[in-house]
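A.B. asks: Chains S and X supply the protein sequences, listed in that same order. Everything in the first sequence is counted per the working numbering, starting at 847 for the first residue and increasing by one. Everything in the second sequence is counted per the working numbering, starting at 15 for the first residue and increasing by one.
Among the hints, a few may not be true.
Computed cross-link-like contacts, DMTMM-like style, restricted to lysine to aspartate or glutamate with a CA-CA straight-line distance of at most 20 Å [claimed, not checked]:
(1) 38/X x 935/S
(2) 897/S x 111/X
(3) 897/S x 881/S
(4) 913/S x 20/X
FYI, nobody ran anything at the bench for these hints, they're computed from the structure.
Chain by chain, the residues run as shown.
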Amino acid sequence: MEKMVRHASDNKYLHRDFHGILNLGIEYLQEQYGDDAVIEYLQEYTRVFHKPLIDAVKADGLSAIQKYFERIFEIEEVEEDILFEMGVDTLTIVISKCPALSHMKKTNITPAAMFIETTRTIGLTLAEETGLSYELVTYDEATGASIQKFIGKADK
Amino acid sequence: MISCTEFIPAYSELFKFLEAKGGKQAVVDYWATISKDGLALLKEEATRNGLRGCYNYWSHTLNEEAADFTMTLDEENGLFSIEMHECPSKGLLLNFEHLTPYSDYCDHCDILYRNVLEPLGYTYDIDLSQSDKAACKITVTAPK
C-alpha cells in the first residue's frame, strides 16, 4: 500500500495545465454558441472577477494595471517576458511571450481561434469599466507576444 | 490574459455562463466534452498502468495545485482513494468575497472523472457531502 500526504503549504499553487483547459473552454464556446458567446463570457468574467482591479484602477489609475500584470507574471515565473512604459496618461505593456501560449506549445495544444480574446476582450472590458481607452497594438497568435496600451485618466 | 492561477474563477464563471445559456444540461454537456478532450492523460495512465496510473496522474495535478490531501493506492485490494481535506479550487472560490461560485461547481469532479474511468471498467465513487467545506472523497475500485 502507498500513501501520499500533502498539506497546501508543501507546494506552490501553479498548475500550468489549466491554460490548456481554458483554451478548450474558449474553443467549446465558439463551436457551440458562436463568436459572440466568447466575447460575452470574457466580458462577464472581467466584470465579475476583476472587480477589485477595476476598483483599484479607479482609485490609483494606470499604475494599478501595471501592478496587476507585474504580479501575474511573477506568479507565472516569467517576469522577464514583460516590460512597461508609463507615459503621461498612457501605459504601454510589452509582452515578449505569453505564459499560456508557451505552455500550450510545450504540451502540443493548438490555441483556439479566439484565444486572442483572452487578451483583447479582457483589456477592452477593463478599460470600459474604468473609463480608459484600450488598444491591442500587436498580437502574435503563436507566442502571445503583444503590445497593449491603456490610455487616459480612470474614472474616480 | 488569464493566469493559470486565475483559471478556477474563470471556470466557475464559464459554468454560470453556460447554465444561463442552456440550463444545467448545457454545463453537463460541456463537462462531457472536457472529459473526452481534456483528460487524455488520465485515460492513458489508467489504461496503461491501472490504479497506479490514477496515482501517477493525481500525484502530478494535486501537487501542482497545492492541494491538502491524503492519497492511497492499495493495488492488492484494487482500491485507490483521494481524501481531499481542502480542495484548492473550491477553497479558492469560497475565499473570494466579491464572487459567488457556481452552485454545482463540485459536480464537475463527479462527471469528468467518471466519464473517463467507468468505460475502462472501474467503479468511481465521490462523496461530495462536505463540499461546502472544500472537502470530498474519491474512491476508484478496479474491476474484479
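A.B. asks: Hint by hint, note whether the structure agrees.
C.D. replies: Going through the hints against the structure:
For a cut-off of 20 Å, the pair hint linking residue 38/X to residue 935/S is broken: about 45 Å separates their Cα positions. Taking the CA atoms of residue 897/S and residue 111/X, the gap is near 11 Å; set against the 20 Å cutoff, the hint holds. Note on residue 897/S and residue 881/S: the hinted pairing is violated, with a Cα-Cα distance of about 24 Å set against a maximum of 20 Å. For a cut-off of 20 Å, the pair hint linking residue 913/S to residue 20/X stands: about 16 Å separates their Cα positions.
In the structure shown, a violation is registered for the earlier hints numbered 1, 3, in ascending order.
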